[in-house]
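Colleague: Given next are the chains, with one letter for each unit.
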Amino acid sequence: MGNEFVGDKPRRYITQNSELITIFIMATVKINGKEITVEDGTLILDAARQAGFEIPTFCYQARLSRLGSCRMCLVEIAGQKKLQPSCVTPVLHGMEIFTQNETVKTARASMLEFLLANHPLDCPTCDKGGECELQDLTFKYGPRQSPFAERKRRFHEKDEILSPVIVKNHNRCIHCERCVRICDEAVGAKALGGIGRGAMLKETSFLNKELDCDHCGNCIEVCPVGSFMSLPYRYKSRPWDLVETDTVCPFCATGCQLTIGTRNGSVLRVRSKIETGINKETLCARGRFGYDFIQSEKRLTKPMAKKNGRLTECSWEEAISQAKNKLSSAKKIAGIASARLTNEELYLFQKLMRNVFRTNNIDSGSRWTDKRTTDALINACNLSEGGTSIFEALKADLIFIIGSSISDENPITDYLIRTTAADKRKNLILAYPRRIKLDSSATISLKHTPGSEDIVISGILNALQNQAVKTDGSQVSESDIATIAQRMKTASTISIFLGTDSLRFANGKEMLLGIANLAKALKASGKNIKVMPLLDRCNQRGAWDMGVHPSFLPGYKKTNSDGMDCTGILEASSKGEMDAIYIIGEDIVSMYPDAKFAKEALSKAGFIIVQDMFLTETAKMADIVLPGASYAEKEGTWTNQEGRLQRLRRALQPIKAAREDLSILSSIGGFEYKSARDVFEEIRKEAPGYQDISFDSLNNTGVLVKGHGAEKQGSRGQGVKGSSETKINPSNPRTLEPSNPYLDDYPFLLITGNHLFHSGRLSQKADVLKRLLPESFVEISDKDAAALGIKEGDRVIVKGKHHEAVLRVRVKQGSLKGTAFIPENFEDVPVNCFFKKGEGIPRVKISKQ
Amino acid sequence: MLSNKTIENIKKTIAKYPKKRSASMDALMIAQQECGYLTEEALREIASILDISTVQLNEIAAFYTMYNKKPVGKYHVQVCTNVSCSLLGAEHIVEVLSKKLGTKKGETTPDNKFTLSEVECLGSCGTAPMMQINDDYYENLTDAKIEEILKGLK
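In the order they appear, the protein sequences are chains C and V.
Numbering-wise, the numbering used here puts 229 at position 229 of the first sequence, and it's gapless, one number per residue.
Throughout, the numbering used here is defined as the position within the second sequence, counted from one, plus 1000.
FYI, nobody ran anything at the bench for these hints, they're computed from the structure.
Remember, it's a predicted structure, so these values are computed and weren't measured experimentally.
Beta carbons: idealized from backbone N, C-alpha and C, even for Gly.
Just so you know, nobody snuck in bad clues.
Just some of the chain C residues that point at chain V, by a computed CB distance under 7 Å: (1) Lys190; (2) Gly193; (3) Gly194; (4) Ile195; (5) Gly196; (6) Arg197; (7) Phe206.
Straight-line Cα separation of at most 30 Å, DSBU-like style, residue types lysine-lysine; simulated pairs: (8) C:Lys424 / C:Lys812; (9) V:Lys1011 / C:Lys209; (10) C:Lys395 / V:Lys1019; (11) V:Lys1019 / C:Lys812; (12) C:Lys209 / V:Lys1019; (13) V:Lys1011 / C:Lys812.
Could you put the whole structure together from the sequences, leaning on the hints where they help?
Modeller: As structure tokens, then:
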């Protein structure tokens, strides 16, 4: 029967008895009389869908493990007496399958009747009514009658509130377990389980208590019925009354697709769509629930100008003309723009500063490091060479992540890596001082001293080249380094994910050069290497692509003369040398890692224009404040960390008298662009990587930007090519000699970053997110807590050389000893006060209050 | 808090399996032998030892009727009400016991002597209807037999 098999790419396996067996890769089956050839092993469900036949499902979800429990997808296979669940049954060559004959139709109708036997018919008050899968499938395949007259199962009268954002109605549950699986397999929180048995099974939290989880709400999204609901959205609207707009999440550079639902001009919810965007229906707490800042009462709604030392409301004409005059008459000016602006705004910003006001003194947030470090990152990740799909990067045999609290900074990238790492043949190596969620999926977790990344990397490099490995000062064992090098040697494809800690730490440049060297060495040994950046601001990569940087133009073309970076601008300002500074969307006073210096420097600036959504600490110091727009109020594009260009779409008009940042920039520059599309057309000409992309054809998957063909950044001596700086000297211990945590004056190294529920200071304006984590905290390892006699929840004094704060303690099992973490997000605990410019990672001591 | 001995025993049993989480059922039973039932604290502690999430342990404990989620009396009367026993009158047996012990199913007598539970199949279908009191099986039950058994427990 050999010739019955089709397909010309046989797979060969050797059995235990050393026999060679050949499996043909293709299979031809007949579905409802229609012949179709699919890859062998394809599920009947997928084959039928490919052939154009619809099969209803509840428990099936492409990215989750197969359960086969809902029995909606039953099909008849010729020769088999019982119907088979098509979502777990693979095709076999020659199978004859029926998906819509009378037997199958009756079975489906009966399954629905069983589900409805216990499902309450409270559709008129159910949030899901109108977009409920049970409703839709019953309408389409249901029995149209119900002889069932018994009592329905009933768990409770009132919905159970499981978290500040998640509310559960157990009565409506149909036990598809999609919530449990997404929580376990994608999110990795493992916070939900099926408790009980049979019809009385409850898909809920530990002992049905309040959830202590990521509060991402993915359980709500995947729930086919109204069992899991969003608490902030509950009872707010009927789904059909919402106007939905597809756009992109503003909270990190993963670039998740999300859908904003508005009604009568108010934002009522954010949801994600199945298998849409790189996030494939998942979002994190800040993306899903952090939408209320858009219409916050604290938003700036009118321009303001300083009169008699006080900011007072004024007209747009007055504000614009004053800004224009001051910027034109100033001799020395500078501009700092947020990496949350759109490409079009950032492009226009640099055009305004360069062409109209004749300065290269422009920079974006980028963790406030110096331009050489930024260049090193751009170089190490080859940003000027175009985008790389994360899905391509995740196909690697070995994934190495360094310098990022990825589970907090880029939660959806964390999900994608977790799902990939479930394949046990892969090596996942994670290097970060704190214990984070992804550690549980890692094959090797390195816990190194913050700031010793360069030592770790040069150690790996030395081990790869069979040279002596020194890890002094990093608290990492040489055997771990040797193991990593060994795994790297055996892998043929390696993806390195590089976080923004490289931009936070004083020795970031050495670390980045090390990565570039490591990549180079691995490439030289014939391996396929990808270096992916993990960025915290949604359009950081776009900001660099658009030339918001003191030393290059859009498309990474060199400038004739380098301008000043953010630190340079502040230094000049502190000497009274800055006549005017134009700041868009950056709260420098709150975020620059030396609050005192930043504030003093700005106070000496001649004139400050701040364009922002909120009256930030920086805006309070401004002479003119211009109210800008949120992501939901804009058209434009963002380039995520992969280099994927995605469209933002306007869900509502800017609040009150606030304006889109693009139109403010146009007014100041006297430009005549009618829309973001017009600016994008110009970007296509200026940044070669964007040349082939059409603004209107950008759909939910976005488009990877191509290479800009520019000379590599830093090739003048700061970069990889033949520079003497590329040699790292690991024997220089700097400030990293292992300290005795309990004797030193300041035994802890203080690191910071985003908390999972927050992103910069923006999310502080989202009340729902504030409810998830109302106050800041300091996180220390369990070993330190035990040594200091501190328990979780205790109040402690964190004292640094320049600042002190009283905070609650969180104890993290498995974090590195001597490391303290305070999130950078809380207004009342400005962590940047602990920092002093030039001192690097601050040291603190922690004692009981 | 689980006693050191219990923790020791759990660790010993973990060594029998390729993965820690495989020891979940054993660990729950060991803890129950110490505490009488599975307290929230015990569940948290075991989950931490086994390196699994608390809810995943909760799933196992909740699925099996042999794990007690509430305190039980001196004698834990567990009546099988699965198919075979049910066909041979298990519901009647529960009713008789309920009347005799003066307690509803799932509850404990005020003197903490008896707890009456309905449980899933105990694998003794050939001798249905049956029940288990603490660790012993009582089979082919009749009203008279029940009376006799209970007399022996007073």
